[in-house]
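Chemist: Below are the chains, spelled out letter by letter.
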Amino acid sequence: MLEGLVNKLAETPWSIGLHESLYMYAITESTHVISIMLFVGTIAMVDFRLLGVSYRQVPVSQMLSRMLPWTVAGFVLLVTTGAMLFLAIPIRTYHSIWFRLKCIMILIAAVNIAVFTFKVERDKAAWDLGPVPRKSKICAAVSLGAWGCVIVFGRLIAYNWFDCDSINSPTLLELTGCPQDIG
Amino acid sequence: MSIYHTAQAIEASALGQTIRESTWLFPAIEATHLLALALLGGSVLIIALSVLGLGLKTAPAELCKSARPYMNGAIIALLITGILLGVSEPVKLYGRQAFWVKMISLAIALVITYFAFNPAVARGGRGVGVRTITGLTLAAWLMVAMAGRWIGFS
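Note that the protein sequences, when read in sequence, are chains C and S.
Quick note on our numbering: the first sequence kicks off at 1 and runs consecutively.
Quick note on our numbering: the second sequence kicks off at 184 and runs consecutively.
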């Protein structure tokens with residue numbers, strides 16, 4: 001079903017237009033990469049605070065509330081440009097092992113944010129300026145690891161090592177959802 | 184020796200050949216370059232936003248104590264990985280306008296950061312002077328990042 005949707009997407013004039021445009025694709029991808037500085041950059045600084053290794057003079061509550069708008073701004077830019085990049089090359093991206101791993105990492109990061117928001121930070125008033133609890137450190141470490149992987153896997157989507165036409169192993173064909181007969 | 188001949192010599196070097204011929208080395212260095220880019224963005228932004236009154240209320244000079252090791256570390260990592268990427272394909276880079284735009288804006292960004300931004304933030308306050316320098320610093324690094332990505336498209 002998902003695959004049918006992706007195939008349909010590839011036939012839309014929007015997809016073809018983005019794919020064939022001289023500048024639009026490059027501008028979109030550059031914006032995507034530069035927005036990393038805003039999104040992962042601000043997240044990393046907050047995570048270093050939640051790890052208790054830096055910015056210890058800044059209350060945790062202030063660190064979260066004052067940086068969040070910028071992280072959200074980065075997120076909006078990344079999702080918008082990311083969706084456009086997928087739209088430009090839907091079929092290949094859908095089958096990319098790196099894209100799939102990237103999605104898993106984003107999912108892990110999202111669950112981590114949910115755990116932090118609904119469980120970990122609830123009693124943050126108690127450790128706003130004191131030593132950070134273990135649960136905060138764990139969330140920060142998971143966040144740094146997951147977003148780091150998102151950057152690395154995202155960059156690797158550009159490489160064709162595991163494209164449908166260059167893989168043979170049944171496991172890889174299964175993981176990428178590539179058609180078995182062509183592989 | 185001209186710049187072009189130097190580029191050819193670097194391209195023929197053992198280091199250049201090793202990176203060029205390996206499947207994983209170039210992408211791995213590239214990915215590290217991007218991770219360091221994120222760190223640079225975060226460490227500069229956290230100070231810059233505070234100076235501009237758009238981020239943390241803590242004094243920017245105070246934040247610097249925590250942010251500067253990340254900033255310096257990120258810049259060192261970016262320079263090392265950047266040089267390694269460049270060493271693997273200097274002849275191609277020589278012919279790309281975006282590369283030279285990036286090198287010039289990089290020089291400007293480094294000078295502004297270390298000779299204007301850092302001292303101005305250390306002097307303290309959120310006056311017009313330090314705000315202007317902060318704006319210029321952000322613009323310079325943005326230019327470096329954009330020109331950097333553009334190397335791959337030109």
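The set of hints was computed from the structure by calculation and includes no laboratory data.
Ideal Cβ placement from N, Cα and C applies to all residues, glycine included.
Worth double-checking, as some hints may not be accurate.
Which chain S residues face chain C? A few, computed with CB under 7 Å, are given here [to be verified]:
| # | residue |
| --- | --- |
| 1 | Pro-210 |
| 2 | Gly-265 |
| 3 | Gly-269 |
One side of the interface only, derived from the structure: several residues of chain C facing chain S at Cβ under 8 Å [what the hints assert, rightly or not]:
| # | residue |
| --- | --- |
| 4 | Val-40 |
| 5 | Ala-44 |
| 6 | Ser-54 |
| 7 | Val-58 |
| 8 | Arg-66 |
| 9 | Leu-68 |
| 10 | Val-72 |
| 11 | Arg-100 |
| 12 | Ile-151 |
| 13 | Val-152 |
| 14 | Ile-157 |
Chemist: Hint by hint, note whether the structure agrees.
Modeler: Consistency of the hints with the structure:
1. Pro-210: The hint holds - S/Pro-210 has a Cβ within 7 Å of chain C, the shortest such distance being about 6 Å.
2. Gly-265: violated, 14 Å
3. Gly-269: violated, 17 Å
4. Val-40: It holds, given that the least Cβ distance between C/Val-40 and chain S is near 4 Å, below 8 Å.
5. Ala-44: holds, 5 Å
6. Ser-54: Because about 4 Å separates C/Ser-54 from the closest Cβ in chain S, which is inside the 8 Å limit, the hint holds.
7. Val-58: holds, 5 Å
8. Arg-66: holds, 5 Å
9. Leu-68: Violated - the Cβ of C/Leu-68 stays beyond 8 Å from chain S, reaching only about 11 Å at its closest.
10. Val-72: violated, 13 Å
11. Arg-100: violated, 17 Å
12. Ile-151: holds, 5 Å
13. Val-152: holds, 4 Å
14. Ile-157: Status violated, d = 11 Å.
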